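J.: Residues per chain, in single letters:
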Amino acid sequence: MRGTGRAGGLVLAVAVGTAVLTGCDRGADAVTAERPLLVAAAADLRPAFTELGASFEDATGEEVVFTFGSSGQLAQQLLEGAPMDLFASANAAYVDRVIDGGVGDAATQRTYAFGRLVLWSRADASSRWEDLDALAADGGPTNLAIANPDHAPYGQAAAEALRTAGILDQVRSKLVYGENVADTQRLAATGNADAAIIALSLAVAADEAGEGRWTLLDDRLHEPLQQVLVVTATDPDRASLAGRFIDHVSSDAGRGVMRRFGFLGEGEDPPATWER
Amino acid sequence: MDLFPLLLSLRVAALATLITTVIGVSGAYVLARLDFPGRGLLEAVASLPIVLPPTVLGYYLLVVLGRTSPIGRAWEAVTGGPLVFTWQAAVIAAAVASLPYTLRAATAAIAAVDTAYEEAARVCGLHGARLAITVTLPLAARGIVAGISLAFARALGDFGTTIMVAGNIPGRTQTMPIAVYDRVQAFDYATAGLLAAVLAAVAIIVLLGVRWLERSTT
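Chains as they are written, first to last, in the numbering used here: chain A, 79 to 354; chain B, 83 to 300.
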């Protein structure tokens, strides 16, 4: 009987030991100590920003850590006190909300890209749809993934495009929502949705793996996906580090990377070779 | 493979288990041995984390620990930074999500201890905390250890509550379950699969270890 008491003690000892051994190895609890630049970035930026983060580290020796998610979720986290230094949203509205909430520096906001929508399906899908009208016609997909319009700008734009095309009511029962635009692509990439309306940047990235087929959607179908960023650091040193990352994204090399992933300047059309 | 998420998960689960063991076992003793009005209600409320979806639990915690809450403000006054979106917030999330497992198992185990042993101990002059620690808890140890190990496993695997209050910041608050989610979002299925397998292996090793401890010492 005493033995089981000893077992309990041993379990506790193991717990204490684990806590001590795994403790504070990277100064994870330091609030003001030197730490990497923390960037909250919209999910459509993952391929482009991962590359830009690596080249920023090479150029400056400063580490960048990204948290990717839907712009709405990231804005909500920033307003709750998340410690990110820079917020790159997929639209302007969530940047406004962050600034209104007092956690973004309005003077630093800047439009860094315009996003585009594509209709995407797996390369090996048995059928694919060339335009939005085909989605509502006979032989349309069983289900269509879009990002959650409640908090994802690409979902809002996708729903708006479907409405403008006059088919939102016909396809409403087929819609499945991704948590963010990358999650939306995952639904189609894993074969769980027949097609998805996602960001051009993610379609281009998937092309490198030969994973998808897609059609660029007319950007007059929705309000422009004007992607705006803002510095959210309060500490001047961290704000200046965030500024250096913004400069890196806006540099010629940075713009080249963004453009390769389909992020265009205002009114720019993508090269015809992007269409598959 | 980046070891940070694994180390963070082990640290968070270990600290959460310490917290739930202290609160859970003392709470269980009170629930099992003292009769007071509202005991049933307290037991039901304490079990809420099992019933509530983790995201709902996370939302409540965000309200209770957030920057505008009394706890959040007190924390910020002392440490200079918000409590939410830190690894400490992940410990609280894991502790709240896993507390009922220790509490319920320990309550049942303590209630099952024959009061005759306690009566005998009282005759020998043992009372209060000494009686609990030297007689009641050792007799209930098997059930308590089972509850603690379940709570550890639950803390190790928490996703929904943790991501709500601690976010997904690589190198700071990204635990194993969140790292798996993040890798899936990045279409990096190979790493996601590897991380998931490591997490499962760690959980199995820990649970087998507890079982072995229990057996080898009885």
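Derived from the structure by calculation, the hints contain no laboratory data.
As the structure is a computational prediction, the values presented were derived from the model and not from experiment.
Among the clues, some could well be false.
[What the hints assert, rightly or not] Under 7 Å between C-beta atoms, here's a sample of chain A residues computed to sit facing chain B: (1) Thr268; (2) Ala317; (3) Gly321.
[Unchecked claim] Cβ-to-Cβ under 7 Å is the rule here; a few derived chain A residues that face chain B: (4) Thr96; (5) Gly139; (6) Gln154; (7) Glu158; (8) Pro227; (9) Asp261; (10) Pro314.
We put the beta carbon where it would ideally sit given N, CA and C, even for glycine.
J.: Confirm or reject each hint.
T.: Okay, the hints, checked on the actual structure:
1. Thr268: violated (9 Å)
2. Ala317: Violated, because the Cβ-Cβ distance from A:Ala317 to chain B comes to roughly 16 Å (cut-off 7 Å).
3. Gly321: violated (21 Å)
4. Thr96: holds (4 Å)
5. Gly139: violated (17 Å)
6. Gln154: Cβ of A:Gln154 sits 9 Å from chain B, so the hint is violated.
7. Glu158: holds (6 Å)
8. Pro227: violated (19 Å)
9. Asp261: holds (6 Å)
10. Pro314: Since chain B brings no Cβ nearer than about 16 Å to A:Pro314, farther than 7 Å, the hint is violated.
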